[in-house]
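Asker: Quick mapping for you: the protein sequence lines, in order, are chains L and P.
The first sequence maps to residues 1 to 93 in the numbering used here.
The second sequence maps to residues 94 to 850 in the numbering used here.
I should point out that these hints are in silico values taken from the structure, not numbers from a laboratory.
Virtual Cβ for every residue (Gly too), placed ideally from N, Cα, C.
Don't take every hint at face value.
According to the in silico footprint, chain P covers these stretches of chain L (three or more CB under 8 Å from chain P) [unchecked claim]:
1. 21-34
2. 42-53
3. 58-66
4. 69-75
Straight-line alpha carbon distances no greater than 30 Å define the calculated DSS-like cross-link-like pairs of lysine-lysine that follow [to be verified]:
5. P:Lys306 <-> L:Lys86
6. P:Lys812 <-> P:Lys570
7. P:Lys566 <-> P:Lys642
8. P:Lys337 <-> L:Lys86
9. P:Lys812 <-> P:Lys397
10. P:Lys574 <-> L:Lys86
11. P:Lys306 <-> P:Lys337
12. L:Lys52 <-> P:Lys306
13. P:Lys248 <-> P:Lys306
14. L:Lys25 <-> L:Lys52
15. P:Lys719 <-> P:Lys658
16. P:Lys337 <-> P:Lys97
17. P:Lys285 <-> P:Lys306
18. L:Lys29 <-> L:Lys86
19. L:Lys86 <-> P:Lys570
20. P:Lys397 <-> P:Lys97
21. P:Lys285 <-> P:Lys574
22. P:Lys702 <-> L:Lys29
23. P:Lys719 <-> P:Lys702
24. P:Lys566 <-> L:Lys52
25. L:Lys86 <-> P:Lys566
26. P:Lys719 <-> P:Lys306
27. L:Lys86 <-> L:Lys25
28. P:Lys248 <-> P:Lys143
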Amino acid sequence: MLNFKKPRHRLSTESTDGLRLSDLKPGEKGRITEIGGSEQFRQRLIELGLTKDAEIWIDKYAPLRDPLELIVRGYHLSLRGMDAQKIAVERIN
Amino acid sequence: MNFKIAIAGNPNCGKTTIFNGLTGARQHVGNWPGVTVERKSGHYKFSDNKFDVIDLPGTYSLAAFSAEEAIARQHLLDDEPDVVVDVIDASNLDRNLFLTTQLIELGRPLVIVLNMMDMAEEKGLDIDADTLATLLGAPVVPVVGRTGEGLDLLKEKILRVATEKSQKTRSIDVIYPRDIETEIERINSLVKANNISNRRHRWTSVKLLESDKQTRDEVRDLDNGSQILDQTNESVDRIERLFKDTSRAVISHARYGFIQGALRECVSENLNDPTDYSRQIDRVLTNRWLGLPIFAFLMWLMFKLTYDLGSFPMEWIDMGVVGLMNFFSTLLPDTMFASLIVDGIIGGVGAIAVFLPNIFILFFIIAILEDSGYMARVAFIMDRVMHNIGLHGKAFIPMVMGFGCNVPAIMGTRILESRRDRILTVLINPFMSCSARLPVYILVAGAFFPDHAATVIFSMYILGIVAAIATGKLFSKTILKGMSKPFVLELPPYQRPTGRSLAIHTWERGYLFIQKMGSVILVGSILVWALGYFPREINLERDYAGEGKAITQNYSIQQQDLTLKYDASVELSRSNYHSQMIAFENSASFLFLRSQYDSLRTHISSQEKSELFLLKQTELGEITSKRWIGRLGKVFEPLIAPLGFTWREGVALITGFVAKEIVVSTYGVLFGVGEDVDEENQGVISGLRSSGMTPLVALSFLVFTLLYTPCLATVAAIKRETGTWTYTLFSIFYSVSLAYGLAFMIGYFGRMYNWLS
Numbered sequence: 001m002l003n004f005k006k007p008r009h010r011l012s013t014e015s016t017d018g019l020r021l022s023d024l025k026p027g028e029k030g031r032i033t034e035i036g037g038s039e040q041f042r043q044r045l046i047e048l049g050l051t052k053d054a055e056i057w058i059d060k061y062a063p064l065r066d067p068l069e070l071i072v073r074g075y076h077l078s079l080r081g082m083d084a085q086k087i088a089v090e091r092i093n
Numbered sequence: 094m095n096f097k098i099a100i101a102g103n104p105n106c107g108k109t110t111i112f113n114g115l116t117g118a119r120q121h122v123g124n125w126p127g128v129t130v131e132r133k134s135g136h137y138k139f140s141d142n143k144f145d146v147i148d149l150p151g152t153y154s155l156a157a158f159s160a161e162e163a164i165a166r167q168h169l170l171d172d173e174p175d176v177v178v179d180v181i182d183a184s185n186l187d188r189n190l191f192l193t194t195q196l197i198e199l200g201r202p203l204v205i206v207l208n209m210m211d212m213a214e215e216k217g218l219d220i221d222a223d224t225l226a227t228l229l230g231a232p233v234v235p236v237v238g239r240t241g242e243g244l245d246l247l248k249e250k251i252l253r254v255a256t257e258k259s260q261k262t263r264s265i266d267v268i269y270p271r272d273i274e275t276e277i278e279r280i281n282s283l284v285k286a287n288n289i290s291n292r293r294h295r296w297t298s299v300k301l302l303e304s305d306k307q308t309r310d311e312v313r314d315l316d317n318g319s320q321i322l323d324q325t326n327e328s329v330d331r332i333e334r335l336f337k338d339t340s341r342a343v344i345s346h347a348r349y350g351f352i353q354g355a356l357r358e359c360v361s362e363n364l365n366d367p368t369d370y371s372r373q374i375d376r377v378l379t380n381r382w383l384g385l386p387i388f389a390f391l392m393w394l395m396f397k398l399t400y401d402l403g404s405f406p407m408e409w410i411d412m413g414v415v416g417l418m419n420f421f422s423t424l425l426p427d428t429m430f431a432s433l434i435v436d437g438i439i440g441g442v443g444a445i446a447v448f449l450p451n452i453f454i455l456f457f458i459i460a461i462l463e464d465s466g467y468m469a470r471v472a473f474i475m476d477r478v479m480h481n482i483g484l485h486g487k488a489f490i491p492m493v494m495g496f497g498c499n500v501p502a503i504m505g506t507r508i509l510e511s512r513r514d515r516i517l518t519v520l521i522n523p524f525m526s527c528s529a530r531l532p533v534y535i536l537v538a539g540a541f542f543p544d545h546a547a548t549v550i551f552s553m554y555i556l557g558i559v560a561a562i563a564t565g566k567l568f569s570k571t572i573l574k575g576m577s578k579p580f581v582l583e584l585p586p587y588q589r590p591t592g593r594s595l596a597i598h599t600w601e602r603g604y605l606f607i608q609k610m611g612s613v614i615l616v617g618s619i620l621v622w623a624l625g626y627f628p629r630e631i632n633l634e635r636d637y638a639g640e641g642k643a644i645t646q647n648y649s650i651q652q653q654d655l656t657l658k659y660d661a662s663v664e665l666s667r668s669n670y671h672s673q674m675i676a677f678e679n680s681a682s683f684l685f686l687r688s689q690y691d692s693l694r695t696h697i698s699s700q701e702k703s704e705l706f707l708l709k710q711t712e713l714g715e716i717t718s719k720r721w722i723g724r725l726g727k728v729f730e731p732l733i734a735p736l737g738f739t740w741r742e743g744v745a746l747i748t749g750f751v752a753k754e755i756v757v758s759t760y761g762v763l764f765g766v767g768e769d770v771d772e773e774n775q776g777v778i779s780g781l782r783s784s785g786m787t788p789l790v791a792l793s794f795l796v797f798t799l800l801y802t803p804c805l806a807t808v809a810a811i812k813r814e815t816g817t818w819t820y821t822l823f824s825i826f827y828s829v830s831l832a833y834g835l836a837f838m839i840g841y842f843g844r845m846y847n848w849l850s
């Protein structure tokens, strides 16, 4: 009835092999290098402050492992794993 | 003077609190034309001036991606408010100022409200409001919306800006990097050649450079439109080559650059003690292990409170309705008019009015969940589940509420932001088996499956959930395909709701129910009353009164016979009695005769009663079958005959459209035990069993009752929330087809494999 498969955060091999937002673990920090996906999706995220070079802090995953909660520009935002996969990041400490 | 004020701001910035603070109770809620986005307006007086205030939908931007953004933008551009009040969450300045940069470009006189100053201070932020005002070119008023601190100053600033506006236009612009400014200037020089409102030049040029479709369409009609568009294409190309990104993204990034430059000058962070108490609360409420159990408990509590707490005023209203009906039926002579008033209007509308307490309590609880910030966490926790059906996490709440009553549940879909999600949730909600269907299950399952009633009833609930999920999946892949938006959800800080805003939110939504349901229910009730009342002249096939008299006569003769025989036996016995010790009246033989006589008498009178009852039942059945409602049932009989249903089921289902529990009282009328039956009434149960219904047909009937068209009040709610008859009629059509199909298949395969026979 319901599909409780673990959300896939696997990297697709044909795209860049860089780190994705969905690869970060709770408590890890990253800096956005590139946002993929549709024009509307990108624009929405930029408007919300997920700009290039913005710092992101993964706070936690939801009890059912999806979506995830992150902190950007001092506020809390939630994204689904499949959307977070479209965001390339570099890990920072 | 009369001034028009528009309040703009991000979602969750406390915009509505400011709106409530300014206007108090003097507000009006409606919809924006053509869309089901709430439109709130109100007014207030300040130093002899009247201010009409519009609370625009909360938006992150004016890009016109969503209906809310399009509305906010159109209002700001076309209705030209005298002052735009931009509400900003001081504890979250970066993102809130993104909208401000667009409002500055829009060129309407601006007042900026720094809301939630208390939370910003708690967060360790020190904001220099004066410097910010200089940098943004608009007065900045710090306010604590929850306490109303700073509202008087805000009113004063609004007045000043409103009266100053004729003298000068603002000189501050959002400054972009030099390469972008050059292109803006190129476009601007061409735009300026037209006499569109002076303030709009820069807005138009920037929007053109952002490849904004709406602005492009507007410019096309200008005299030098094609020239402007040529220049725009050239500039966009140049920017995109230079920055290696879309021009829209480049400008959005530049806006954030401007914001950060401004904030560097007026905000100092004191991060010694950053107590993010919201995160502390979330450690528990969205905890990996505790999050779901706590949510389940809160849902259970909400359900419990809505229906348990609501049952007291429900009883009072019910008593009031019955009292009114009694009052009017004694007051008015027994005419058609009296029946219309008592049975049609008071009875019909009263049946819906009893739901008012439930609805108000539910809306109150939802207001608490929304105002406190927990609603966003619900979406966070449940998104994984609802995503499967193509829905947003928040849609879980109306689904659960549907088990109580679909009407408040469907109205509760207002918590969903996207129209597509609202429509989908509205369409699948009626399959959640509401409490009104339970009496029907209990009656029919009790009559035909006395040993497995609980299992049958439970499986109805499960079937409803399965139907909702399957329909959700089907619709999100077909008719509502591609309208889905990415899940981007802000989790705002937790807040203690204020009593005032809870009261306003509850009343606003509850009042809509009173207003809209009242009218539809009224018409529907009168219609069903008329169907059951007309035609008055009926030719009955049998002389029921005569037959009744004959029965009574027959039995009274039997009684007389019996008494005569008894008297004779007593006399005989007395003459043979010789004992002096015990009086005859106390003797064993007399007592024996007496008890025999009594039991025979009771037996005869009970036989009489049951015969009269059967006659009455047949009579009422015949009367109902000859009224319009019965004729309608007969008309539908061939249609529902393949399901094994008779005209009685037809009548029950038609009246069940008004409210599904009416199916039970309709059976009561059809089997002659009167309307006032409950689901355990033996007369109806035996009537059902003797009517030729088989357990298999009973099961089909249950499935049909579960799935077929939602009741009248729910249909009205669907119409109200989707805003179109198309979806409303589609919902009716779809659910009836599904009910018919499933009921038919149960009967078909049931007969084939001899189930339940």
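Asker: All hints are to be evaluated individually against the structure, with a verdict given for each.
Answerer: Quick rundown of the hints versus the structure:
Against chain P, the segment 21-34 of chain L contributes 0 residues with a C-beta closer than 8 Å to a partner C-beta. That does not satisfy the three-residue criterion, and the hint is violated. For the segment 42-53 of chain L, the assignment as covered by chain P holds, since 10 residues bring a beta-carbon within under 8 Å of that chain's beta-carbons and 3 suffice. Chain P is given as covering the segment 58-66 of chain L, and this holds because 8 residues of the stretch bring a CB closer than 8 Å to a CB of that chain, at least three being needed. Taking a C-beta to C-beta cut-off of 8 Å, the segment 69-75 of chain L contributes 4 residues in contact with chain P, enough for the three needed, and the coverage statement holds.
Proposed proximity of P:Lys306 and L:Lys86 is supported: the alpha carbons are some 25 Å apart, at most 30 Å. Taken as a hint, the P:Lys812 and P:Lys570 pair is honoured in the structure, with Cα atoms around 23 Å apart against an allowance of 30 Å. At roughly 62 Å between alpha-carbon atoms, P:Lys566 and P:Lys642 are farther apart than 30 Å, so this suggested pair is violated. Our distance criterion of 30 Å between C-alpha atoms is met by P:Lys337 and L:Lys86, whose separation comes to about 18 Å.
A hinted pair counts as satisfied when its Cα atoms are at most 30 Å apart, and P:Lys812 with P:Lys397 qualifies at roughly 28 Å. A distance of roughly 22 Å separates the Cα atoms of P:Lys574 and L:Lys86; the hinted pair therefore holds under the 30 Å criterion. Simply put, P:Lys306 and P:Lys337 have alpha-carbon atoms about 21 Å apart, close enough for the 30 Å limit, and the pair holds. About 24 Å separates the Cα atoms of L:Lys52 and P:Lys306, which keeps this hinted pair within 30 Å; it holds.
For the suggested pair P:Lys248 and P:Lys306, the alpha carbons sit about 36 Å apart, so the restraint of at most 30 Å is broken. With a C-alpha separation of about 20 Å, the suggested pair L:Lys25 and L:Lys52 falls inside the 30 Å cut-off, and the hint holds. Distance restraint check for P:Lys719 and P:Lys658: the Cα-Cα separation of roughly 46 Å exceeds the 30 Å cut-off, and the hinted pair is therefore not satisfied. Among the hinted pairs, P:Lys337 with P:Lys97 is inconsistent with the structure: their alpha-carbon atoms are about 43 Å apart, more than 30 Å.
The suggested pairing of P:Lys285 with P:Lys306 holds, with an alpha-carbon distance near 20 Å, which does not exceed 30 Å. Between L:Lys29 and L:Lys86 the CA atoms are separated by roughly 17 Å; this keeps the pair inside 30 Å, and the hint holds. The hinted pair formed by L:Lys86 and P:Lys570 meets the criterion: a straight-line CA distance of about 23 Å does not exceed 30 Å. With a C-alpha separation of about 44 Å, the suggested pairing of P:Lys397 with P:Lys97 is violated against the 30 Å cut-off.
Straight-line distance between C-alpha atoms of P:Lys285 and P:Lys574 comes to about 43 Å, which puts the hinted pair past the 30 Å bound. Simply put, P:Lys702 and L:Lys29 have alpha-carbon atoms about 84 Å apart, too far for the 30 Å limit, and the pair is violated. Distance check on the hinted pair: P:Lys719 and P:Lys702 sit about 26 Å apart at the alpha-carbon level, within 30 Å; holds. Taken as a hint, the P:Lys566 and L:Lys52 pair is broken in the structure, with Cα atoms around 36 Å apart against an allowance of 30 Å.
A distance of roughly 25 Å separates the Cα atoms of L:Lys86 and P:Lys566; the hinted pair therefore holds under the 30 Å criterion. Between the alpha carbons of P:Lys719 and P:Lys306 the distance comes to roughly 63 Å, so the proposed pair goes past 30 Å and is violated. At roughly 16 Å between alpha-carbon atoms, L:Lys86 and L:Lys25 fall within 30 Å of each other, so this suggested pair holds. For a cut-off of 30 Å, the pair hint linking P:Lys248 to P:Lys143 stands: about 11 Å separates their Cα positions.
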